[in-house]
Amino acid sequence: MITVKFSASLRDLTGEDDEIEIDAPTVRRLIKLLDERYPGIGERLNDATSVAINGEILPDAIYEDIPDGAEVHFLATIAGG
Amino acid sequence: MTMTEDPKNAPSYKWVGSRSIRPDGLDKVTGKARFGADLKLPNMLEGAVTRSPHAHARIVSIDTSAAEAMPGVHAVITAADLPDLAEAGAKTDDVFMSAKVLARDKVLWEGHPVAAVAATSREQARAAADAIDVVYETLPHVLTVDEALADGAPVLHDTMITKGADPVPEHASNAASRALHERGELDKGFADADLVLEREYTTKPVHQGYIEPHACVADAGQDGRAELFVSSQGHFSMRAMTATTLGWEPSQLNVTPAEIGGGFGGKTTIYLEPLAVRLSTKAGRPVRLVMDRGEVFKATGPTSGSRMKIKMGVTNDGQITAAEVWMAFEAGAFPGSPVGAAAMTAIACYDIPNFVVEGFDVVCNKPKVAAYRAPGAPIIAYGIESIIDELAKGIEMDPIDLRLKNAAVEGTQASYGPQFPRIGFVETLEAIRDSEHYKSPVPEGCGRGMASGFWFNIGGNSTATVHINEDGNVNVITGSPDIGGSRASMALFAAEEFGIDVDRVSANIADTQTIGFNDVTGGSRVTLATGSVVIDCCRAIKEDLRRRAAKTWDCEVDDVEWVDGQAQHASGTETPLSLADLAAKAPRTGGPISVTKSNNVRGAGAGFTTQLVDVEVDDELGVCRVVRYTTAQDAGKAIHPSYVEGQMQGGVVQGIGWAFNEEYIHRPDGTLDNPSFLDYRIPVASDLPMIETIVVEVPNPNHPYGVRGVGEAGIVPPMAAIANAIDDAVDCRLVDLPMSPVRLLDAINQRGE
Amino acid sequence: MSRTHVSCNINGDDVDFLSESGGSLLNALRDDVGLMGVKEGCGTGDCGACSVLMDDRVTCACLIFAPEAEGRSIVTIEGLAGADELHPLQQCFLEGAALQCGVCTPGFLMAAKALLDNNPNPTETEVRYALAGNLCRCTGYDKIIRSVLDAAEGMRQNGAQA
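Chains as they are written, first to last, in my numbering: chain F, 24 to 104; chain E, -3 to 749; chain C, 1076 to 1237.
Treat the hints as calculated values from the structure; they're not laboratory data. Please note that a few of the clues may not be correct.
To be verified - No farther apart than 30 Å at their CA atoms in a straight line, the calculated lysine-lysine pairs in the DSSO-like style are these:
id, chain 1, residue 1, chain 2, residue 2
1, E, Lys307, F, Lys28
2, F, Lys28, E, Lys159
3, E, Lys307, F, Lys55
From a predicted model like this one, the values you see are computed outputs, not experimental measurements.
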């Protein structure tokens, strides 16, 4: 079981759910499951999205494993200067 | 000075942390280093660009015939010479990028390129570019977020529906997107506060101000390939963007990075490159294309102007209970301001339980903004760090103490989502609080202010090769353009890993054909990410050297150690073998000694900074001078202390310019009034004192040497620190940037009215 | 398009070149003589990146019409070092980390040389004002000023020993 916390930008799709517990061993699977639960979210969580797993921010995370008990956030990918 | 966490247990290094001479230094002090405009090829033509004189207009027609007939002209191009990416179904971002490089149907800002020419001399190219007859139908324009968001404002892109808006808008507008971060209950938070302040701030577009204008040389062959010599912050991404714009595959282009004369984020994108390549293919000759300073100001990417509304509440004992932030950033002609990052950094330094942070990306008829050192963060920090200072004054609490009380620490849930790992914000606050500057009395007639800042820092994709020459000297080859001294750090890593003198290491930057992929030099990533990959190469080579020594001694690899630059037999019975010894006999032990490693490096650590400034205000002229400045920044581990200090000082001084004088001044007709260094006033040596640096070292647990990026955070606090100091000096709270003499004098004169 | 024949002395050598009509000394030095160490930052005399010495005076090459160089002695960054030894200013800039991107460095070195040639013992303030015509965006000037002061001190000591 992992915990996914949603940012306010996704509220139009996630509604009242600020955070949910879900079973997902990889980011790819997680996004698929989330898209089933909140249709349209899969497209929103696209190339320009980074994933934070237990505080570590990963820009190219689609194939990453998610350890059991992890906390997951979706963030806009940052560009530096 | 350096303040290391736990100095007794900190590892001690022989080379890392020393002040070696940078490998590219000799060429730079003798004038030999080649920057983008310094390459001269046989048969080379010179280019010039025709640019829109209007802020917003439809292109009715372009007649190039006069230009084509002029003496010395070998090629003229317009958007007709580039693929129509919209028609090809390309991504919107790519369509916009191509339109930015060469306008297709509309010009969206004064300076927008419309055509380009290659001729046998610069004067001929300029004359021909000026002779291109463009017929425009001018359109009404908008210059600021206020104008762009006003009811009935002319819309730049008629399919632009605000992304992230709730509910989804029915009509197109100039608001490209909306970012939102929320937590807790705002009303309850403000109700819990004893003091609530509400302020509105504005900032103007400012330019990165690199001294070297954009420049490149393109040399196309008859085989559908081209060479590009260009100063950029990332030749691989430049290659990809140029190829997309040309309708080419990236591998058709080989990009060689020139030395780069400053970037700060502004050279992470393309302007001239596709034009130069296309002119070269059309002319069948190399083409050099260089911007003049006016073009740099008018037609490259400054950072956003903005409007910000901030409301914040604090209890009498210093707990910040709520923050409400609304901001709109100018993106320029196409979407993509750093408002998203600003929304993430806005209150990231603090643990605030109730907040709403909302940011809008707004297009307007100005050049498309580009990244500028911690993009977005300095702008919002001006507001946040100013209002926190006012709150501190309001509850009579020391501003450092107020920040300490609310500071984000390891485990704090960041305002943008995830928990912070080990970070050094508190340490930078303490470093300033304990500094000699802070403990000294404020000089007579001066005011003192402080502010803090944060930047994420990133890792990313890097490739490096390390090989050992037959004489035992080491080559380190990377693909990260060196904008701040990173080659010196790469050499220090190799010296430390091998245990050899840093003078025996050369560090070079290869082109897109001779090294594997590398992300841009930006995001404060190179020392961390490219450094990591260099370290990986060195460690792999050391394993190989142990194996070769074992073969030489006919013993087990486990009996061989690598110590102080030599292979040593654990029993001490063999004469040690140096790098030179092993390299000389390399053919006998497996061939040349060389390793290439690549990685998408993770584990970048956030960087925090706290800064302190004393200013003196002449209240008859409105002129404000920085009298003393101290900056404390967490570098994790300073690999080359001089260049870490250099990054800190450079960021601070850009912030000082941003605070006092720098701004884009547009005339009502949308043209830029100050496209020169005379009227766009950046700091000069006589404006400034020495910038005292305190390098704080709270090691990044995810890097072998504890490195955190340092290039960017330094520019985040200065404007607010100075605003706070001005308030302390003359009791005037300035909420508009720049805090120029005219504005400061107005504020002083209106004081107490 | 007419061109003007110019004869002058550059870095100790007698040099002839043909200047474009209306062309600057900066363009002539870079394009006609091939001295790429002289940089163009602005072309309007505001940044000092093209600083050269003309008859021992520091000047922006972009503000000089190339024909004005006729008969004059020009020294560019390429003429600062000796054959096997750097000028003390160059050495101090390297040791003091007074450069990051390095594009402003040639201009600063020439302006600093002109300063020290005229004033071997400048104060920090005098150095800052003498170099106020040279823009640097990378360093914040701190290490540049320190390096110039270090070079001045070193040159005074060596001068005293000579």
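These are the hints, each one checked on the structure:
Among the hinted pairs, E:Lys307 with F:Lys28 is consistent with the structure: their alpha-carbon atoms are about 26 Å apart, no more than 30 Å. In summary, the hint linking F:Lys28 to E:Lys159 is supported, as the alpha carbons are separated by about 21 Å, within the 30 Å threshold. For a cut-off of 30 Å, the pair hint linking E:Lys307 to F:Lys55 is broken: about 39 Å separates their Cα positions.
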